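Colleague: The lines below spell out each chain.
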Amino acid sequence: MMPTTRATTRRRPTDDAPVIRAALLALAVAIFALLIAAPAAIVLAGALHLGIGHYAHAIADPSTIAAARLTLVVLAYAIPVNVVFGVAAAWSIARFDFPGRAALVVALDLPLAVSPVISGLVFVLLFGARAPLGAWLIAHRTPIVFATPGIVLATVFVTFPFVARELIPAFASLETSVDEAAIVSGATGWQLLTRITLPSVRTAVISGVALAAARAAGEFGAVAVVSGSIAGRTNTLPLHIASLYNAGDSTGAFAVASLLVALALITLAIRWASER
Amino acid sequence: MTPHRRRRRALPGLPLTLSITTTGALLFVVTPLATILATATRLSNGSFAAVALNARALAAYRLTFGTALSASALATLSGLLLAWVITRYRFPGRRLLDALIDLPYALPTAVLGLALTAAYTTTSLLGAPLAALGLHVAFTPAGITLALTTLGIPLVVRALTPVLATRPFDAEEASAVLGATRWQTFIRVTLPTITPALLTGAALTFARGIGEYGSVVFIAGNMPFRTEVAPLLIMTRIEEFDDGAATAIATTLLAVSLTLLLVIARLERHAAIRAGLSPRTRQ
Numbered sequence: 209m210m211p212t213t214r215a216t217t218r219r220r221p222t223d224d225a226p227v228i229r230a231a232l233l234a235l236a237v238a239i240f241a242l243l244i245a246a247p248a249a250i251v252l253a254g255a256l257h258l259g260i261g262h263y264a265h266a267i268a269d270p271s272t273i274a275a276a277r278l279t280l281v282v283l284a285y286a287i288p289v290n291v292v293f294g295v296a297a298a299w300s301i302a303r304f305d306f307p308g309r310a311a312l313v314v315a316l317d318l319p320l321a322v323s324p325v326i327s328g329l330v331f332v333l334l335f336g337a338r339a340p341l342g343a344w345l346i347a348h349r350t351p352i353v354f355a356t357p358g359i360v361l362a363t364v365f366v367t368f369p370f371v372a373r374e375l376i377p378a379f380a381s382l383e384t385s386v387d388e389a390a391i392v393s394g395a396t397g398w399q400l401l402t403r404i405t406l407p408s409v410r411t412a413v414i415s416g417v418a419l420a421a422a423r424a425a426g427e428f429g430a431v432a433v434v435s436g437s438i439a440g441r442t443n444t445l446p447l448h449i450a451s452l453y454n455a456g457d458s459t460g461a462f463a464v465a466s467l468l469v470a471l472a473l474i475t476l477a478i479r480w481a482s483e484r
Numbered sequence: 025m026t027p028h029r030r031r032r033r034a035l036p037g038l039p040l041t042l043s044i045t046t047t048g049a050l051l052f053v054v055t056p057l058a059t060i061l062a063t064a065t066r067l068s069n070g071s072f073a074a075v076a077l078n079a080r081a082l083a084a085y086r087l088t089f090g091t092a093l094s095a096s097a098l099a100t101l102s103g104l105l106l107a108w109v110i111t112r113y114r115f116p117g118r119r120l121l122d123a124l125i126d127l128p129y130a131l132p133t134a135v136l137g138l139a140l141t142a143a144y145t146t147t148s149l150l151g152a153p154l155a156a157l158g159l160h161v162a163f164t165p166a167g168i169t170l171a172l173t174t175l176g177i178p179l180v181v182r183a184l185t186p187v188l189a190t191r192p193f194d195a196e197e198a199s200a201v202l203g204a205t206r207w208q209t210f211i212r213v214t215l216p217t218i219t220p221a222l223l224t225g226a227a228l229t230f231a232r233g234i235g236e237y238g239s240v241v242f243i244a245g246n247m248p249f250r251t252e253v254a255p256l257l258i259m260t261r262i263e264e265f266d267d268g269a270a271t272a273i274a275t276t277l278l279a280v281s282l283t284l285l286l287v288i289a290r291l292e293r294h295a296a297i298r299a300g301l302s303p304r305t306r307q
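Each protein sequence line maps, in turn, to chains A and B. Note that our numbering has the first sequence beginning at 209, numbered continuously upward. Note that our numbering has the second sequence beginning at 25, numbered continuously upward.
Rather than coming from a laboratory, the hints here were simulated on the basis of the structure. Predicted model, so just to flag it, every value in this text is computed and none were measured. Do not take every clue at face value.
As the list claims (entries may be wrong) - Quick look at which bits of chain B chain A covers, simulated, 3 or more residues with Cβ under 8 Å:
1) 67-80
2) 148-154
3) 197-204
4) 277-285
Beta carbons are placed, not taken as given, at the ideal position from N, Cα and C, and that holds for glycine.
With the rest of the complex left out, here is chain B:
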């Protein structure tokens, strides 16, 4: 990327650090994926379809991708709002809010699931008023979406705060001085510059949501065909000692989530180029 990086061959340590890194990547990324794929290929096509694409599994995929997608949209909107407030406004408690936004990320998923379930059952503080309005949250797909949204908010906020804090001030000011309304400035000037970061946040939330188990298992109710997500179905098959079925479902889930991640990474690059930024280096 930069010319001086190529000059820096004088710096020692590449062979050692690169071998540690490569060994780590082989042990912890390549071997696991290869193990899953090798096990999956030992299943015949017919039996793969019978266990990975039966009605119960299809219902689980539909629920998993549906709730992850809704949560991704909701977390992106809420995350944008929170990141906006944190970076653009000055108010008492701002720094505390900024620090505590990361709580769902730092909290064990099981604790988050337990906490949300306790808060949103039909007899509890927040769940009872919602139930009176006819909206049951705990033990329904709405509860799964709620848990995944909560997990996604810090991911979106962390993707957005750097770009919102170092925004192109001049462009926004010019737009306003030239007579654009605040809304026009946001849509035409601010939004295009933050779109790559928004997509990153949305993609991370979606990817996280597809695989999430710890929080969902508490709040979902876990009824086959209705509130059973794909990771839970994998868990059930493992507990039944049906490694083949577990692997087949895992392969399907992996294939879909990795494909989507690649597509979204491509979209992100395009958005970055269109916004006139250099493609963001993935952290």
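So here's chain A without its partners, still in its complex pose:
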């Protein structure tokens, strides 16, 4: 900002006093350590507390493997739905004006303001054994609630606006003349999207997918309502952690939780790397 060479050594009038600076920095690090770092470290320490053998045993348990498999199935549905919807929403909302555009933007924010438990309740009301549609589906041997379809639906519902929220501002910030040039030169909309638009907002795509994946793998409330927590069948990894913990196996719960801590750290690392 300041052209003089002395500016690097002298304190600028908008800099905080060294004492204030040190105090604020110490306080910030303390808050981070007490609320974020320490609890994560305690999970990892608790997981290994009875030794690596016990840890491996908890991870390799058939019910843990089944829970991990179900979580992967959920991700395999939730992520593509999220991406297709997110790209469509960003394309239409960020680039066109149409009646009801503002209402659509508000509608996208709503799922984030609704309790996950209420999201789960919706599926019980629609597809539960006490609902006409649910009773009919159960009679035809395709139960939704207390089965995999309900878990997938609830997760898609909860994570649904994640990619859209990252992509809308990213699409809106792109230079419009490039699009026009591409279209005038004869590119189709699909070519414009896949060759120009998406590559230029790569960071937002990666960030949105990473957050949606973390949330989908970790969703608890909505899934807890529709799953029934049948061990080995309708437990996702977070539900399995709760089952283990409630059964008094806290070391096992910490061991499975450590997998999800690792997944969260990988998510953050991917975002970090994509932003550089």
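Knowing the structure of chain A, use the given hints to seat chain B on it.
Modeller: Frame of chain A, contents of chain B only:
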């Protein structure tokens, strides 16, 4: 907003993308809300009040809104501090701190709840010293507030970092050169420009806190009338196959949180206009 957006009708793809978006919004936003409301209207007024406004439910709302409000205030203060340090100071580990701030957002809520409970029970590393001071965290409303604050911090930091990083440098410098103290500059110049972002962070934390289940269920203790939050009460009613009661409580919770969100969105616009900024487009 901008004139060139209206010109861009030449761009293809609106019918397809808009129908996908609208179908998604109808399926995943309108249908669920309509289902809840339709179920709620089938209850008579008397039975609605009996299940949604009885003493246990009122205690749950009080706890839910009270802890969400305290957490919103605490997360706003802590988030401001962390965002300030990350954007304004240069120190070793700054980028790592910046990345790890998002951990509570990326972590499954159940894992966060489990971790905080393990850290703050009366016999654990952080809980024992606090218990010696007479402050019991796990299985009390303080524990719920702690979990909601932790969840809120990344929301506040993410709302603030863009505005703190691209602050009106000139205004702050002018204020300082004209003789204002650092504190006066912060209160009179910096704070008004970041107020809309602060309100956004506070509102997001509050909205998240009202509905939170995964982390709270571990740390709360879940005693009716004392540490039972409204989402947990909904869960309990669902497990008792009492869909009517669950829906009535859910409707009450939805009504309050959506009203508050609208009020806060309005406040945000006013703050933005007063600060001389164009109203921030919601992301």
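Colleague: So, for every hint listed, does it hold in this structure?
Modeller: Hints, one by one, checked against the model:
1. 67-80: violated (count 0)
2. 148-154: holds (count 3)
3. 197-204: holds (count 3)
4. 277-285: n = 5 at 8 Å, threshold three: holds.
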